[in-house]
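Trainee: What follows is the residue order along each chain.
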Amino acid sequence: MKYSKMELPSRADHLWRYTPWKRIHPTSVEQVPKAIPIRWSLNEGGSLSDGVPDHSMNDDIARIFLSELRSEKVSLSVDGSASIVHLHGVASGHAAAGRLHIDFHQDTTVVIHLSGEADWAGLHITGSVQANVRAGVGFVNELSANTKFLRCEDWIVERDARLELASLSIGGFRCKNDLRTRLNATGSSLKQAISVHGHNQRHVDHHIEIHHNVGHTDSDLHVHAACNDQSHSISTGLLTIAESANQSDASQVFKNLLLSERSRAEAIPELEVLADDVSANHGAASSPVDPDQIHYLMSRGLGLEEATALIIEGFMQDGFSMLKSKELIDEIRTRLTVHLECELKR
Amino acid sequence: MAKVSEILRIENLHVSVEGTAIIKGLSLTINQGEIHVIMGRNGAGKSTLASVIMGHPAYEITEGEIHYLSQPLEQLSVFERARAGMFLSFQYPVVIPGVQVGTFLKKSVQSVRDEPIKGRAFRKELNDAMSTLDMDKTVLSRYVNDGFSGGEKKRLEILQMLMLNPKLALLDETDSGLDIDALRIVAKGINQVVPQAGCLIITHYQRLLDHVKPDYVHVMIDGQILLTGGPELAHKLEDKGYDWIDVTPEA
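Line by line, the protein sequences are chains A and B.
Under numbering that gives the first Met the number 0, the first residue of the first sequence is numbered 0, with each subsequent residue one higher.
Under numbering that gives the first Met the number 0, the first residue of the second sequence is numbered 0, with each subsequent residue one higher.
Rather than coming from a laboratory, the hints here were simulated on the basis of the structure.
Just so we're clear, the structure is a prediction, and the values are computed from it rather than from any experiment.
From the three backbone atoms N, C-alpha and C, an ideal C-beta is built for every residue, glycine too.
Don't take each hint at face value.
Label-pair ranges, simulated between beta-carbon atoms [unchecked claim]:
1) B:135 x A:199: 41 to 47 angstroms
2) B:240 x A:229: 56 to 62 angstroms
3) B:150 x A:50: 56 to 62 angstroms
4) B:176 x A:131: 25 to 31 angstroms
5) B:150 x A:303: 27 to 33 angstroms
6) B:76 x A:333: 28 to 34 angstroms
7) A:273 x B:15: 57 to 63 angstroms
8) B:133 x A:329: 26 to 32 angstroms
9) A:199 x B:131: 45 to 51 angstroms
10) A:30 x B:76: 54 to 60 angstroms
11) A:303 x B:209: 37 to 43 angstroms
12) B:133 x A:273: 51 to 57 angstroms
13) B:15 x A:321: 40 to 46 angstroms
In silico negatives: residues of chain A with every beta carbon more than 12 angstroms from chain B [said to hold, decoys possible]:
14) 185
15) 228
16) 261
17) 279
This is chain A alone, in the form it adopts within the complex (with noise of 0.2 angstroms):
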């Protein structure tokens, strides 16, 4: 299917209701634009080279259009010499696009950060998680706050692996994330954790598709998102349990923390269970800072933007907290402290 013969999805589509199409789209929607190549750089513990596997399990419009645009395909390979992989690029000029395929043969985390000044920025990133193998990996949106951003994730867990995903969502304008993890052998588990800080008038939107194709599989989902300003963040989840899929366990929880009488947050969880014995919960909720906890912290010595300022970060890292990998965890909370130490200006 070509971009150009395919129907512009419409608002009614639960995947485009709250961020439409030419609303993420870098030019006027009929275009495919000329875009420059995302450019990688690795620290240690791997190895980048050209091409990507076929790895084609969606065929909607944003994975179509970014297969269409001018961007280099990059398979990352890691060889076990470091704990943790960085993996670095930068999106510049009006647009740009990149392309990533990681296969995990064995246990790693990789981080992945993304920076830059591009007007546009789209990339997708696919990988597997081979069988018995324990992989994390991080995603650390660090756009200029001029960026559009179009993110696709495409994940399959093969047989008694264990995926760890942790985003952090803290650069970029507008962003349209569409994650998606395939469970596909039993004993497949996956821990998704996700931040977001909205500010300004950032418009985050992430949708989160969890699919448990066999049973014994489990999946875990946090989103934490603080909104401030103007800024609107949007959580849609689909989890799909097979018929088959019996003894899987799910859970889905969606918190929004609203800093503003301005600020929105959506989180909308949305169910497909078929199969007749598993477990499937699923929670969301929006509240302001709760005045009990600055009335705590400012009995301790805080002043009010202090003990605000405590109980975001707080907030944001506590959606990390059910991630087992340590590496994982310290580095994007790591991240996360700089970006609020200077945000919040502390």
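Based on the hints, put chain B in the right spot on chain A.
Mentor: Positioned in the frame of chain A, the structure of chain B alone reads:
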């Protein structure tokens, strides 16, 4: 003229919350090194008194004055009171998700002392305080009060008190829910702070007073202190309850 050792002086205090009078003419003076205990039925206004001294915004002082270190308290916000040396151990300590105890303690101590903390000296001080309270160091990496048992929460309150070294310690039912061993440890913490501080303990039970020797025991009923005595009054209340005070209030 105020005595040098005067920590807190409350004169004819009246307090309301959302238009309802809770405290109705209460006077009390606490000097350095003194332990005052307030006992009374549920709803008598004991916790309100502690909260209003600490400056909780929900409470309105409609009449009377509170002086701390001979200065009126009214103009000081909550954090300014804390920085001036006031400490409230909460009856129900609040959970702060995602904020590690170690980080919180450091920020708190730094704020109250208003000076940079030297890492090694701070760690030694913290280790000593935790050792006094028989606390495991793993608590430092846990989130503030998150998943804590009732006893753990109260110990963390006392740990904060030791680290902040207040001039006035307000302890709101710190003994509630503690087993005998925990009670003894918490009492040890209180006794460590008292010589240099004034202390107001709100409690329902006499048993804490086996370990912390009060100078005064006050009975609070319907927003007023109706009776004041020594430690023996707590024993009497334990035996007889409060009904006998209602019929023979002190003038």
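Trainee: Each hint needs a verdict: does it hold in this structure or not?
Mentor: Going down the list of hints, with the structure as the test:
Between residue 135 of chain B and residue 199 of chain A the Cβ separation comes to about 43 angstroms, which falls inside the hinted range of 41 to 47 angstroms. In this structure, residue 240 of chain B and residue 229 of chain A meet the distance hint of 56 to 62 angstroms, their C-beta atoms being roughly 58 angstroms apart. One distance hint, 56 to 62 angstroms for the beta-carbon pair residue 150 of chain B and residue 50 of chain A, holds here, with the actual separation near 60 angstroms. For residue 176 of chain B paired with residue 131 of chain A, a C-beta distance near 45 angstroms fails the hint of 25 to 31 angstroms.
A hinted range of 27 to 33 angstroms holds for the C-beta pair residue 150 of chain B and residue 303 of chain A, which are about 31 angstroms apart. Residue 76 of chain B and residue 333 of chain A have their C-beta atoms about 32 angstroms apart, which keeps the hinted 28 to 34 angstroms range intact. Under the hint 57 to 63 angstroms, the C-beta atoms of residue 273 of chain A and residue 15 of chain B, about 58 angstroms apart, fit the expected range. Between residue 133 of chain B and residue 329 of chain A the CB atoms are about 29 angstroms apart, so this pair conforms to the stated range of 26 to 32 angstroms.
Our hint of 45 to 51 angstroms for residue 199 of chain A and residue 131 of chain B holds, since their Cβ atoms are close to 47 angstroms apart. Separated by about 57 angstroms at the C-beta atoms, residue 30 of chain A and residue 76 of chain B satisfy the suggested range of 54 to 60 angstroms. Distance hint check for residue 303 of chain A and residue 209 of chain B: the Cβ-Cβ separation is about 41 angstroms, which falls inside the suggested range of 37 to 43 angstroms. Between residue 133 of chain B and residue 273 of chain A, the C-beta spacing of about 53 angstroms keeps the proposed range 51 to 57 angstroms intact.
Residue 15 of chain B and residue 321 of chain A have their C-beta atoms about 44 angstroms apart, which keeps the hinted 40 to 46 angstroms range intact. Once the 12 angstroms rule is applied to beta carbons, residue 185 of chain A is consistent with being away from chain B; the minimum gap is 32 angstroms. Listed as a non-interface residue, residue 228 of chain A keeps its Cβ farther than 12 angstroms from every Cβ of chain B; the least gap is roughly 21 angstroms. With a cut of 12 angstroms on Cβ distances, residue 261 of chain A stays outside the contact zone with chain B, its closest approach being about 24 angstroms.
With a least beta-carbon separation of about 24 angstroms from chain B, residue 279 of chain A lies farther than 12 angstroms from that chain, consistent with its non-interface assignment.
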